[in-house]
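Residue numbers (my numbering), protein chains in the order written: chain A, 430 to 836; chain B, 11 to 374.
Everything labelled a hint here was simulated from the structure, so no lab data went into it. For each residue, glycine too, the CB sits at the ideal point set by N, CA and C. Mixed in with the good hints, there may be bad ones.
To be verified - Chain B regions said to be covered by chain A (calculated; three or more residues, Cβ under 8 Å):
| id | region |
| --- | --- |
| 1 | 70-84 |
| 2 | 87-96 |
| 3 | 207-221 |
Letter by letter, the chains look like this.
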Amino acid sequence: MRGRLLTGGYLLLFFAYLFGPLVIMIGTAFNSAGFPRLSPWECFTTNWFGRLLADDRLLTGLGNSLLIGLGVVIVSTPIGLAAALMLSQVGAKLRATLYTIFIAPILVPGVVIGLSTLIFWDRVGGALDAGYDTLFYDGFFLTILGQVTFISAYSMLVFLSRLQRFDPTLTEAALDMGATPTQAFVKILLPFVAPAIGSAAVLAFLASMENYNTTVFTVVSESTFTTVLASKVRYGIDPSISAIAVIIVGLTLMAALTYEAAQQRTALAGRIAGNPVLRRLMHPAPVGLLLVVLAGVAVWGGSRVDSSACEAQVLEEKRALQEQYRTAPTPSSPAPDTPAAPRDGGAAPASPFSPGNLAPGGDGGEAPSPAAPASPFAPGNLAPGGGEESEAPASPFAPGNLAPGSD
Amino acid sequence: MTKEVGLSHVTVEFGDYTAVDDAHLTIAGGEFFSFLGPSGCGKTTILRCISGFQEPSYGKLLIGGRDMRGIGPNKRPTALIFQNLALFPLMSVAENIAFPLEVRGVGKKERRRRADELLELIALPGQGDKRVDALSGGQKQRVAIARALAVEPDILLLDEPLSALDLKLRQHMRTELRAIQKQVGLTFIYITHDQGEALTMSDRVAVMSRGKIQQVADPATVYNAPATGFVASFVGENNMFEGRIAAPAGPDGTAEVDLGLGARVRVQAAPGLGAGEAVQVFVRPEALEPGGTAPNRLTARLEKVEFEGAMRHLLLRAADGTALRVSQVNTGGDAGPGPDAPVELGFAPAQAIALPPSELARAG
Ligand SMILES: Nc1ncnc2c1ncn2[C@@H]1O[C@H](COP(=O)(O)OP(=O)(O)OP(=O)(O)O)[C@@H](O)[C@H]1O
Ligand SMILES: [Mg+2]
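Chain B on its own, in the form it takes in the complex:
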């Protein structure tokens, strides 16, 4: 069984502070849905609304079409995996996993059987009698997941469950989580401030900033067609240029923009942006290409080259001081341009986007 989750204009206020501001979206049953945003943007608060620890100040929360107001966390078809896991330290691994069954009055034998089954699922067979603090970080993680699954929820809520793990384990757990989700077929609502995690695992992502949902879309759209300056700069690397619309977008969806650093470029833009309006233009580092034949051209001086295994990053500075970043696949052979050399860069109109200026977009 899967159920859809609806947030209908959900606002959460703590005194004067608005932690969640008018969140309005629907999460389909069986979907792997992520909330992505920087620390303190209200992700956990949204999750606490869904799981029932926090009533919205305004708006409604619906699960399977039913209004959840007044229904306690123990009566909702959700299971939450806490940011700190919240495993019970005085219980063994098996007792932890069987706790949801224990409180439902399931017999001891049946509990043990279910716990063993779930231990099998999370690849920790026969470790049920261990103490919780005898487990490694990744194992604790998996026990927390098993305990949540023992609830047999319709919706599994995960609050940055991988944040405490090292890189290798995190990558491994990502695939594992996704596999578990496919296997048990639940709605997963996943919270993270790690964009890589959100993009690789999710069907859809909601990007949040300061309590406001900025964009809800599938990962490719979020990356390729960010809805706001914040999304453009938060998700992935981006070069940002201040500019002004010279000619509004035509039927092909591209507009001409005068960049502050003295070039006129043709980029994608919303039709609503009129001539003379200030905009921010975003170009991905991998879309900028030294030389080439692309119509939009910029010149900058090379300052430094960074090697990062498969990729190579050129750090440049334009005449007006704007820092630029260019990423290339490291083919090994050529050494690239020498230091201090002037470099001509080109990019295609389809790979750049002009958005209304946002103070949230990080400069550079």
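Same shape as in the complex, but just chain A:
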């Protein structure tokens, strides 16, 4: 009984650890607060998605990333396959050596690969007296090459694990039956590794999409999804980042469910073969279609959410609160009003470390909520009060007092 409880508790913790951040991030995408946070909850909104779609820089970066991902897939898949084929063909001693060489790019830090790609092609370009508008200085070209160096090693690992299950006597049998080596490769080996080509391509694409370390050097003057995101984080984030997360999680879930449907179908092949309804139902196509329709409905529904009324009200409340502060005398003695005593009732006390407090209060409307009774140490007090007074009940120790107030 107790063991069960412990296991359950452990599992709960484990999943909370795994998915907690994701869940919170998804939640923040629908909060109208100007910084990604759940509490205090202001208004349910889908505006951040609109904001995202209007972000040209991000969209350009995304487009570039897709292009680079495609290029990486096209180049690294055949290289990985060739390397895996070679490894499966040579003797044991040579194999160990070659394997180490092929795998080395994975072990080299991405930063090093990025830098060395950049420098190498710069030297080559320099030696050839090539101008800056040539391939040697092209962000796409360099990024694809840089990423391929280690992503093709990932592809190789995928192919290798598939090839290990290949029975080499099948190729011999094909040769013995009169097939040329090319025919044996195309008709016997290639169909066998075909499923791995799909997995290797997906893996390569995802690895390319999410790469930052190498890309940030090789991309030169272009931008990719990750480099745009990184610069966004540097210059201040808003919940449209969470909106990206929601979209990515959604797409991943859809792909995973469709794939799972396909898997289940092969696993249950015998049992559902005789049942036409089940057979259609279990087909990945309808499952995928259903998911796409669901996603479409969600997008349509989301686009109709109008949170402006609610937001206006929140803004109004903030104004009112501010007024109240402005008229009240500036508190000078710390003791009475320190941590807490929620002044205006109700709202959850923000944790002192709540990163939400870092939000640039610039435009007032999204400044730290008035409801948050800041603890004396709340970094939120650092927020530049911009156009309006910081609402934090300042304690003498509150660094908030340092904020450039506008009064």
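Since the structure of chain A is already known, use the hints to place chain B with the ligands on it.
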């Protein structure tokens, strides 16, 4: 069309290890020829030489009189049935069988027709659309044979194709293979470590041990007149006695031998064996007869009687500890001698053979 296969002093070395040592023999066109030997003796290696997956380190391989060096497996008139069958798992039965035609550019319709014909031949009509792994072991076997026949080879090479089957099916497939061979009239080169298989099916058998070919002869000769101690002990059951030549072989081909267990017997022996030379004497269990009038006599004590359906085996021990085995047809009636009884055994000189000692002969 049948072609003869010639192995001319073929030696195959893997590093320091000699897998095939100076194999020299000719296999006639249309013959059913078997290589028989224990696991690891080099049978598969010889077959891989013939089919072109392995070049001999020394010596030549000739097919139809033509030197095969440098000619790839896809250009040789051979088809190999692999030890593990090597059916293509992603193809249907018919696609497997038609694969040799596909790679030769034969049209789809013609391929299907040939596949159906061959399915008929292997008694699997109408099963062409099945998946390969939906077949039973024996059916897979037959599909592998059909696929090899689709190549229209001059020589069919079979690498222990029946080893994975159960006894009943194996016996059935033996007759079937032999029938197919008669029907299509090809040269069959068959590999097995099962002597029953080799003896029942083959025109001739080559017995191998540790890469060396010990004897090439028809099954009866291999059984009745083994050339070496290894052949004598590997093919069939045999009683072995250590001994020494007392009088070398005369014109009738028999010599006198003093056995270690204290008897002097007259047995067949090669004329080259001189007086005083150490030999091993082999007597088949069915040649030893309790009582009787045969001139060679031994005494031993009965330890155990084993019944095996049609046969009955007496396990005895001679005075010096040598174990003996006597096989009799089980006539049902008499119970035979009781346990621990001393038994007199006799055997005819024609049914015993003295050979130079071989460490490969299994004692007992
Ligand atoms: N490619 C190779 N490299 C090194 N040694 C090999 C190679 N192929 C075979 N051998 C060795 O040669 C010997 C004979 O092998 P072979 O496969 O011919 O045996 P076999 O008679 O077919 O045995 P089995 O009945 O078990 O199939 C074995 O000791 C094996 O280890
Ligand atoms: Mg073998």
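Tested hints:
1. 70-84: With 3 residues closer than 8 Å to chain A, the region 70-84 of chain B meets the three-residue bar; holds.
2. 87-96: holds (count 6)
3. 207-221: With 0 residues in contact (Cβ-Cβ under 8 Å with chain A), the coverage given for the region 207-221 of chain B is violated.
When held up to the earlier numbered hints, the structure conflicts with hint 3 and nothing else.
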